[in-house]
Amino acid sequence: MYEVRIHGRGGQGAVLAAQLLATALVFDGKYAVSIPAFGFERRGAPVVSFIRASEQPIRQLTNIYAPDCIVCVDPALARTVNIFAGLKPGGTLVQATSRPLAEIDVPDSVGTVGLCDAVRIATEIFGRPITNTLMLGAFARSTGQVSLEALKKVIEQSDFRDAGLRQNLDALERGYAETTVHTLERRITA
Amino acid sequence: MNTTTLDTAPTTEKRPAPQLMLCEGNEAAALGVALARPDMVAVYPITPQTSLVEKLAKLIADGRMDADIVDAEGEHSVLSVLQGGALAGARTYTATCGPGLAFMFEPYFRTSGMRLPLVMTIVTRDGITPQSVWGGHQDAMTVREAGWIQMYCETVQEVLDTTVMAFRLAEHHDVMLPVNVCLDGNYLSYGTSRIEMPDQAEVDDFMGHKDVNWHVALDPLRPMAVDPLTGGSGGNGPETFVRYRRGQCAGMKNALHVITEMHEDWARRFGEAHRFAPLVEEYRLDDAEYAIMTLGSMTGAAKDAVDEARAAGEKVGLIKIKTFSPFPVEALQHALRGVRALGVVDRSVNFRWNCGPMFQETLGVLYRLGRQVPAQSFIGGLAGADLTVTTFHRVIDETRALLERAPSDEPVWLNAKD
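As given, the protein sequences belong to chains A and B, one line each in that order.
The opening residue of the first sequence carries number 97 in this note's numbering; numbering runs sequentially from there.
The opening residue of the second sequence carries number 0 in this note's numbering; numbering runs sequentially from there.
In short, the hints are calculated from the structure, not lab data.
Errors might be hidden in some of the hints.
What the hints assert, rightly or not - Mimicking DMTMM-like on lysine to aspartate or glutamate, the simulated pairs with C-alpha atoms at most 20 Å apart in a straight line are:
hint : chain 1 : residue 1 : chain 2 : residue 2
1    : B       : LYS314    : B       : GLU403
2    : B       : LYS57     : A       : GLU245
3    : A       : LYS184    : A       : ASP204
4    : A       : LYS248    : A       : ASP124
5    : A       : LYS249    : B       : GLU403
6    : B       : LYS416    : B       : ASP396
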């Protein structure tokens with residue numbers, strides 16, 4: 097079982113991203129479950145959503161407390177929310193940020209970091225900082241848990257139309273292409 | 000979210016590759032309704048049911064479902080409108096929860112009295128007050144004495160499959176009762192899972208001939224009194240009333256075997272991914288010394304905890320209730336045959352007995368067993384609280400302890416800050 101927690105703010109599409117990712121995992125032949133965390137979600141407030149993926153049927157329909165991977169689609173969220181809570185030792189962080197690795201505060205539990213300047217790219221593509229599909233590309237690049245082809249297919253079959261569809265496919269591909277992946281050798285993995 | 004489908008399914012079965020999808024519990028319920036081809040739906044959105052009726056409205060607007068939709072001014076009207084539809088011979092459906100169900104209560108009770116085969120999904124929600132829009136079983140549990148059949152689902156697939164079956168069950172001549180398909184608000188309503196979509200033509204074959212209003216109809220050529228005022232203590236008033244109630248109870252009793260046969264027929268037609276225990280599921284019970292009991296979407300995490308405890312040498316099993324009304328007394332009696340201690344987890348409260356409602360119902364079955372089985376009530380998952388594998392390890396541990404000591408008169412409040 098591979099468990100992912102997506103952090104974002106209301107309106108950035110973290111819940112939709114979880115559903116798109118879960119659908120792509122099904123396209124890759126896996127079982128997948130996504131669960132949004134429940135609260136009074138509103139634009140700008142911190143939100144989370146959860147994804148489980150497995151080769152076997154998944155029975156747990158619960159939140160995730162010890163994820164293998166954290167995807168943070170908002171660059172400033174880590175200042176207000178402990179996005180690293182419960183991350184498995186050696187786990188992966190996929191972070192939207194314009195800063196280099198040296199300037200990012202990463203706890204010892206993190207083994208791999210994928211960085212994507214998603215707000216800048218999203219602003220170029222959409223004219224707005226909508227980072228969710230970009231960060232799905234960044235997730236695919238950083239973890240290899242889902243294929244880019246499956247993600248593309250999900251977006252092609254989704255409600256996105258015309259310009260929105262082209263923009264989101266562009267965002268996905270640029271998220272994948274423009275993510276840098278760093279392995280943190282000295283980290284504690286026990 | 001939008002429904003997306005696979006071209007080819009990774010399966011090795013001989014059957015044609017099933018259509019695989021990822022969808023929410025609410026969406027699965029709507030798709031199940033569409034497969035059953037109702038004539039009329041009436042809706043009033045309320046959290047966490049809203050995306051279900053939105054999906055239904057979209058299916059109808061897109062021409063994928065041929066039903067009249069009535070956007071009523073409130074839940075009381077929703078159910079009243081559908082009663083008219085059912086009396087005119089329509090296959091009818093709605094969904095609600097929580098305060099919406101409360102507002103609907105007067106026609107809710109009348110529906111079963113008139114033996115109208117309505118299907119209504121309850122996307123279960125905890126009771127107010129304090130304010131809560133989150134999941135819990137309190138709404139469905141609160142109306143359990145109103146003569147409706149109630150089945151609780153564990154998975155998104157079970158939501159879809161049970162929704163279709165509910166129509167055939169409600170309309171069965173030996174039953175003729177309205178049916179609630181209960182799915183957990185939050186974890187099932189908004190949780191997405193991979194499902195296999197049954198084929199419409201095969202579902203049509205399963206459903207057979209539509210036969211909604213053979214017993215009562217608004218038909219000028221067959222004038223009849225519907226919902227008559229009975230005569231109090233005078234005349235044959237009490238006898239009329241008692242005849243209604245006895246008939247409802249008989250329909251409930253008949254539903255037990257109809258539900259069982261229907262689930263078997265469904266699984267035979269659609270395959271193992273569509274096989275669900277109709278009344279009571281026995282999980283790893285054969286040599287179990289003790290067992291935990293669950294209802295609804297909490298069951299998956301509980302099964303994983305049981306597997307882990309089994310791997311550590313614990314002789315623990317699990318009993319899942321699917322059909323809560325009518326209460327499956329004999330099936331539960333069978334499940335409990337070798338059990339020496341029992342922990343029952345409820346997602347709602349029975350205020351009268353200071354325990355969970357399922358626990359209280361189970362006490363009656365334990366009495367019929369004719370031997371003492373120490374049993375403990377656990378209450379958790381209220382107002383959207385999560386019931387995790389860790390939670391169920393606690394339930395397993397505290398149930399095992401009953402082999403050595405007497406249970407507490409107090410429920411164990413899971414998710415509480417003691």
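Inset, instruction - Please write out, lowest number first, the hints stated earlier that are contradicted by the structure. - result: Going through the list in order, the structure violates hints 2 and 5 and respects the others.
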